[in-house]
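A.B. asks: Each chain, written out:
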Amino acid sequence: MTQLNDKKQPALSIKNLTKVYDNSFQALKGIDLDVAQGDFFALLGPNGAGKSTTIGIICSLVRKTSGSVTIFGHDIDEDFSTAKQYVGVVPQEFNFNQFEKPIDILVAQAGYFGIVASVALERAEKYLKQLGLWERRNDLSRNLSGGMKRRLMIARALIHEPKLLVLDEPTAGVDIELRRSMWEFLQEINKQGTTIILTTHYLEEAESLCRNIAIIDHGTIVKNTSIKALLKQLNRETFIFDTREELTDCPVIADYPTILVDGHSIEVEVLKTQSINEVFVALSEQKIDVISMRNKSNRLEELFFDMVEKNLSAKNEVQGDE
Amino acid sequence: MNNYQKWVAFDTILRRELRRFMRIWPQTLLPPVITIVLYFVIFGQLIGERIGTMSGLPYIQFVAPGLIMMSVITNSYSNVVSSFFGSKFQRNIEELLVSPTPNWIILLGYVAGGMCRGLGVGAIVTLLSLYFADFSIHSLPITIAIVFMTSLMFSLAGLINAIFAANFDDISIIPTFVLTPLTYLGGVFYSIDLLSEFWRNLSMINPVLYMVNAFRYGIAGITDINIFWSFGMVGLFSLVLFFSALRLLENGSRLRN
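From first to last, the protein sequence lines are chains C and B. According to the numbering used here, the first sequence holds residues 1 to 322 in order. According to the numbering used here, the second sequence holds residues 1 to 257 in order.
Keep in mind the hints are simulated off the structure, nothing from the lab. Predicted model only: the values in this text are computed from it and were never measured. Hints should not be assumed to be uniformly reliable.
[To be verified] No more than 30 Å apart at the CA atoms, straight line, and that leaves these computed lysine-lysine pairs for DSSO-like:
{"hint": "1", "chain 1": "B", "residue 1": "K6", "chain 2": "C", "residue 2": "K149"}
{"hint": "2", "chain 1": "C", "residue 1": "K223", "chain 2": "C", "residue 2": "K272"}
{"hint": "3", "chain 1": "C", "residue 1": "K101", "chain 2": "B", "residue 2": "K88"}
{"hint": "4", "chain 1": "C", "residue 1": "K228", "chain 2": "C", "residue 2": "K272"}
{"hint": "5", "chain 1": "C", "residue 1": "K29", "chain 2": "B", "residue 2": "K88"}
{"hint": "6", "chain 1": "C", "residue 1": "K129", "chain 2": "B", "residue 2": "K6"}
{"hint": "7", "chain 1": "C", "residue 1": "K296", "chain 2": "C", "residue 2": "K272"}
{"hint": "8", "chain 1": "C", "residue 1": "K101", "chain 2": "B", "residue 2": "K6"}
{"hint": "9", "chain 1": "B", "residue 1": "K88", "chain 2": "C", "residue 2": "K163"}
{"hint": "10", "chain 1": "C", "residue 1": "K126", "chain 2": "C", "residue 2": "K163"}
{"hint": "11", "chain 1": "C", "residue 1": "K163", "chain 2": "B", "residue 2": "K6"}
{"hint": "12", "chain 1": "C", "residue 1": "K126", "chain 2": "B", "residue 2": "K6"}
{"hint": "13", "chain 1": "C", "residue 1": "K223", "chain 2": "C", "residue 2": "K296"}
{"hint": "14", "chain 1": "B", "residue 1": "K88", "chain 2": "C", "residue 2": "K149"}
[Claimed, not checked] Covered, in the sense of this in silico footprint (three residues per stretch, anywhere, with C-beta under 8 Å from a C-beta of chain C), are these stretches of chain B:
{"hint": "15", "segment": "2–8"}
{"hint": "16", "segment": "87–93"}
{"hint": "17", "segment": "97–111"}
{"hint": "18", "segment": "249–257"}
[As the list claims (entries may be wrong)] Partial selection, computed: residues in chain C whose CB lies under 8 Å from chain B:
{"hint": "19", "residue": "C59"}
{"hint": "20", "residue": "V62"}
{"hint": "21", "residue": "N95"}
{"hint": "22", "residue": "A108"}
The beta carbon of each residue, even a glycine, is placed where N, CA and C say it ideally should be.
Model the full structure from these sequences, guided by the hints.
C.D. replies: This is the structure we're talking about:
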């Protein structure tokens with residue numbers, strides 16, 4: 001088995017990575033990315049931004065055009081065997097043989113990493129139990145529900161006990177209860193030392209699970225920072241206030257742009273320098289009872305759209321200049 | 001990966017292949033057996049009795065080695081092509097591609113699986129043929145060597161077909177339009193001495209002819225062509241196919257991206 005390297009060594013280091021597909025589409029335009037050991041890292045971006053291509057290159061399913069990728073200090077070209085031992089991947093789409101049993105899928109996957117069947121069976125039992133699949137271990141995997149299939153892919157990715165787990169939208173199409181149990185499971189294995197890289201479209205997932213984040217758009221990294229630092233950049237939030245009485249006109253609150261959404265709710269924009277208390281006071285003075293309040297959208301979502309839109313505008317300007 | 005881990009990976013691929021074709025035995029083992037029995041009944045007994053002898057042998061004894069070889073060829077080929085393409089289609093080939101298993105182990109694993117089915121069906125057909133024809137083995141080493149090499153060669157060819165295939169049509173085109181004509185024109189049912197010079201010379205570029213004749217020599221002691229040529233040609237074809245398949249896997253052609 002391979003040895004864990006120096007703690008200062010990044011779990012993943014990507015330098016000037018590019019990918020041009022056969023149809024000349026440039027999916028990655030020279031990205032640089034470091035993920036520290038033990039991190040829970042989010043890679044976000046709109047569809048077609050380059051997330052899956054990046055993940056594909058990390059786990060050798062996509063050939064890079066140029067640049068380098070090292071995993072715990074092992075270059076994926078020069079030392080592919082060791083580098084692969086460190087990585088477990090959960091792809092976006094189901095990619096197991098639907099006519100095999102979960103237990104056979106896991107034991108075979110372990111075998112491909114050189115793990116003998118007796119050890120593989122012990123680990124398969126451990127992960128299938130942890131992920132609530134043990135009772136279904138001998139069913140044909142095509143008969144599993146969508147959520148079970150996703151969990152099976154997580155168990156399969158963990159069977160060789162990788163130090164870096166890469167998950168490409170692992171909770172897509174999974175109901176909220178199951179999603180939360182998967183979050184707990186991932187947080188637990190992260191606590192035990194596994195570095196996790198996650199792509200997701202659920203930004204609240206990234207906000208509640210991850211410590212650091214990179215936003216990728218049109219093949220370039222537009223932001224790479226900690227979630228905390230990123231959220232600090234948010235200078236305004238939009239809140240929705242639900243009212244007891246039906247409103248016919250939109251209440252006017254000085255310095256707070258307000259929109260009447262429907263008869264029982266209003267949308268209020270609050271700058272970071274302002275206070276929500278003032279909104280409550282103003283509404284109270286107008287005899288409007290507030291029965292509940294919530295964020296219009298996830299805070300990270302607002303930033304995400306902001307950055308992606310800025311990136312798009314910048315690109316359009318450059319194209320216009322050309 | 002150390003050598004033991006590589007062995008574990010190879011063993012895993014092979015076991016998975018064995019499990020696959022044993023699980024679907026009504027699709028993989030039964031049809032070739034029924035087909036070959038029909039060949040024996042129709043060509044060997046019903047028509048064969050009217051044909052008389054071929055190259056000095058009763059027709060059923062002449063045709064039996066060719067039929068055994070035909071079953072080895074088609075089953076070795078179709079096992080690898082359908083299994084590997086099935087893995088590509090369902091994308092579970094990615095389980096292997098993300099692992100540290102070297103490409104040559106992947107190649108050997110799939111080819112060994114194809115050979116197990118090809119040789120297994122060949123063994124069943126051989127046992128069945130004993131019911132229809134009496135024959136003794138002229139040279140056991142030659143018989144075993146040529147049947148192994150043939151199975152190896154067509155398993156490799158099946159792998160290459162599967163790597164290139166983009167859809168299910170692509171895995172039936174080669175067996176239908178290349179493999180079947182080569183097999184039927186490869187001296188299974190007749191001696192090439194019956195052909196005119198032009199067609200005899202043309203037959204010499206058919207690799208199946210060399211295999212069938214070498215196998216017939218191993219069993220019955222007769223051949224239309226030089227036995228060393230047969231082994232040389234099969235060996236050469238196998239080497240070319242092995243390195244071609246390995247190169248395709250190394251390049252990741254139609255697998256990675």
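A.B. asks: Tell me if the straight-line CA distance from K129(C) to K6(B) falls inside 30 Å.
C.D. replies: Measuring from Cα to Cα gives roughly 29 Å; hence the hint holds.
A.B. asks: Does K223(C) pair with K296(C) here, judged by a C-alpha cut-off of 30 Å?
C.D. replies: holds (23 Å)
A.B. asks: Can you verify the interface hint for A108(C): is its Cβ closer than 8 Å to any Cβ in chain B?
C.D. replies: holds (5 Å)
A.B. asks: Does K163(C) pair with K6(B) here, judged by a C-alpha cut-off of 30 Å?
C.D. replies: holds (21 Å)
A.B. asks: Please verify whether K29(C) and K88(B) have alpha carbons no more than 30 Å apart.
C.D. replies: holds (29 Å)
A.B. asks: Is the Cα-Cα distance between K228(C) and K272(C) 30 Å or less?
C.D. replies: holds (15 Å)
A.B. asks: Is K296(C) close enough to K272(C), meaning Cα to Cα at most 30 Å?
C.D. replies: Measuring from Cα to Cα gives roughly 15 Å; hence the hint holds.
A.B. asks: Would the hint on C59(C) be counted as holding, given a Cβ-Cβ threshold of 8 Å to chain B?
C.D. replies: Holds, about 5 Å.
A.B. asks: Examine the segment 97–111 of chain B: at least three residues should have C-beta closer than 8 Å to a C-beta of chain C.
C.D. replies: Holds: 6 residues of the segment 97–111 of chain B have a Cβ under 8 Å from chain C.
A.B. asks: For K126(C) and K6(B), compute the direct alpha-carbon distance and say whether it is at most 30 Å.
C.D. replies: Roughly 25 Å separates the two Cα atoms, so the pair holds.
A.B. asks: Please verify the coverage claim for the segment 249–257 of chain B: does it have three or more residues whose C-beta sits within 8 Å of some C-beta in chain C?
C.D. replies: holds (count 3)
A.B. asks: Quick check: do three or more residues in the segment 2–8 of chain B have a beta carbon closer than 8 Å to a beta carbon of chain C?
C.D. replies: Since three or more residues must qualify, the claim that chain C covers the segment 2–8 of chain B holds, with 5 doing so at under 8 Å.
In this structure, none of the earlier numbered hints is contradicted; all agree with it.
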